[in-house]
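Colleague: Single-letter residue listing:
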Amino acid sequence: MGYVWTILAVTAAYLALTGNLAVNNILVGVLIASVIALLLRPTRSPVELRRVPRSLLALLQYGALLAYDIIRSGLNVARIVLDPKLPIRPGILAVPSECETDLGIALSSHALSVTPGEIVVGVDQEGTLYIHCLDASHAADTIGEAQALRRRLLSRILE
Amino acid sequence: MLQQVLVVVLNVALAIHIGLIGISVYRLWRGENLVDRLIGADLVTTLMLAILVLIALIELNALYIDVALGLAALGFVGAIALAKYIADERMF
Amino acid sequence: MDDIRTALAILAILIGTGFSLIGVIGFIRLPDVYTRLHATGKVSVFGVVLLLVAAALITPVGAGRAAVLILLLIIGGPTASHALTAAAWRAGIKPRGTIRDDLERDHPREP
Numbered sequence: 001m002g003y004v005w006t007i008l009a010v011t012a013a014y015l016a017l018t019g020n021l022a023v024n025n026i027l028v029g030v031l032i033a034s035v036i037a038l039l040l041r042p043t044r045s046p047v048e049l050r051r052v053p054r055s056l057l058a059l060l061q062y063g064a065l066l067a068y069d070i071i072r073s074g075l076n077v078a079r080i081v082l083d084p085k086l087p088i089r090p091g092i093l094a095v096p097s098e099c100e101t102d103l104g105i106a107l108s109s110h111a112l113s114v115t116p117g118e119i120v121v122g123v124d125q126e127g128t129l130y131i132h133c134l135d136a137s138h139a140a141d142t143i144g145e146a147q148a149l150r151r152r153l154l155s156r157i158l159e
Numbered sequence: 001m002l003q004q005v006l007v008v009v010l011n012v013a014l015a016i017h018i019g020l021i022g023i024s025v026y027r028l029w030r031g032e033n034l035v036d037r038l039i040g041a042d043l044v045t046t047l048m049l050a051i052l053v054l055i056a057l058i059e060l061n062a063l064y065i066d067v068a069l070g071l072a073a074l075g076f077v078g079a080i081a082l083a084k085y086i087a088d089e090r091m092f
Numbered sequence: 001m002d003d004i005r006t007a008l009a010i011l012a013i014l015i016g017t018g019f020s021l022i023g024v025i026g027f028i029r030l031p032d033v034y035t036r037l038h039a040t041g042k043v044s045v046f047g048v049v050l051l052l053v054a055a056a057l058i059t060p061v062g063a064g065r066a067a068v069l070i071l072l073l074i075i076g077g078p079t080a081s082h083a084l085t086a087a088a089w090r091a092g093i094k095p096r097g098t099i100r101d102d103l104e105r106d107h108p109r110e111p
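Protein chains in written order, with the numbering used here: chain A, 1 to 159; chain B, 1 to 92; chain C, 1 to 111.
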């Protein structure tokens, strides 16, 4: 089952890159994708087929939430950088990730790192994320809230 | 009308990005430590990507986006490998 | 229809150039390695992403390639900047002017 998803994703990327929907080109894409899937050896499918519509819906919601966060905090960082007094209060905060799987931790730290003004420095054995913030004075509560929302959407995508 | 505005905006953006590359190369040269210079090199790669995309728009030729794709992939792998080298003081 | 697309592309180019400018200004002005990564690693990546959106709007041939490049940048940019912060931490570079440092408190570095 994992092979099918890998082949589909790689073929989609190949077709997007070549921009050519002729039958020959699709066949070449599937061939290259099969070789790559054999080399990669995906272990299991992360998504079951009957849950795909709900997962896609949650993925769209997740993307929209992430885009909103990125725009809002991007403007925030722009304001901080352009301010003549440079009002930064940097600090490293510990935030528990509360995810069991490695994939969950990876996705939630990606979501944290992709928003400007926050960057993950490291993860320890218990899954606590250490986040460097540009403005650490009242960031702890807002990060916790945003993460709870994202975690709910992520669990709906993955399960 | 809008096409002429687009051409002017594209050329101004290209000039700004070339100036920014000059500034960041100077800053990279005067960097305070190794990681600082690596950040500068990453920034130069990103600005180079922006210049390639702008040239693709000025020439209306999608081939430059392929070049940008190769540069992005190489820059990503290079940054990760050099960061790992700094952290562990060995490559693998 | 074409006019709307061109106008949107002009807007995206202007905002993207602004983000690149802010990234370089932040790289010059911010005080230490960790804060500089906030400016360069992400703000300037979104500059390129907006320029690519403009490219996808104007040249239809490049839309698929632009989409793949945007995906690569959005996944790869934060990964690279996380790798650089982790490397800076492991190399023993101290953050300057922090108001709190939980990582130093929980996992103090060996002398």
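Just so you know, the hints here were simulated from the structure itself, not pulled from any lab data.
Owing to the predicted nature of the structure, the values given are computational and were not obtained by experimental measurement.
Ideal Cβ positions, reconstructed from N, Cα and C, are used throughout, including at glycine.
Keep in mind that the hints are not guaranteed to be accurate.
Some chain C residues judged to face chain A by a derived CB distance under 7 Å, without partners named [claimed, not checked]:
#, residue
1, K42
2, T59
3, P60
4, G64
Colleague: Against the structure shown, which of the earlier numbered hints fail to hold, in ascending order?
Modeller: Numbers 2 and 3, in rising order.
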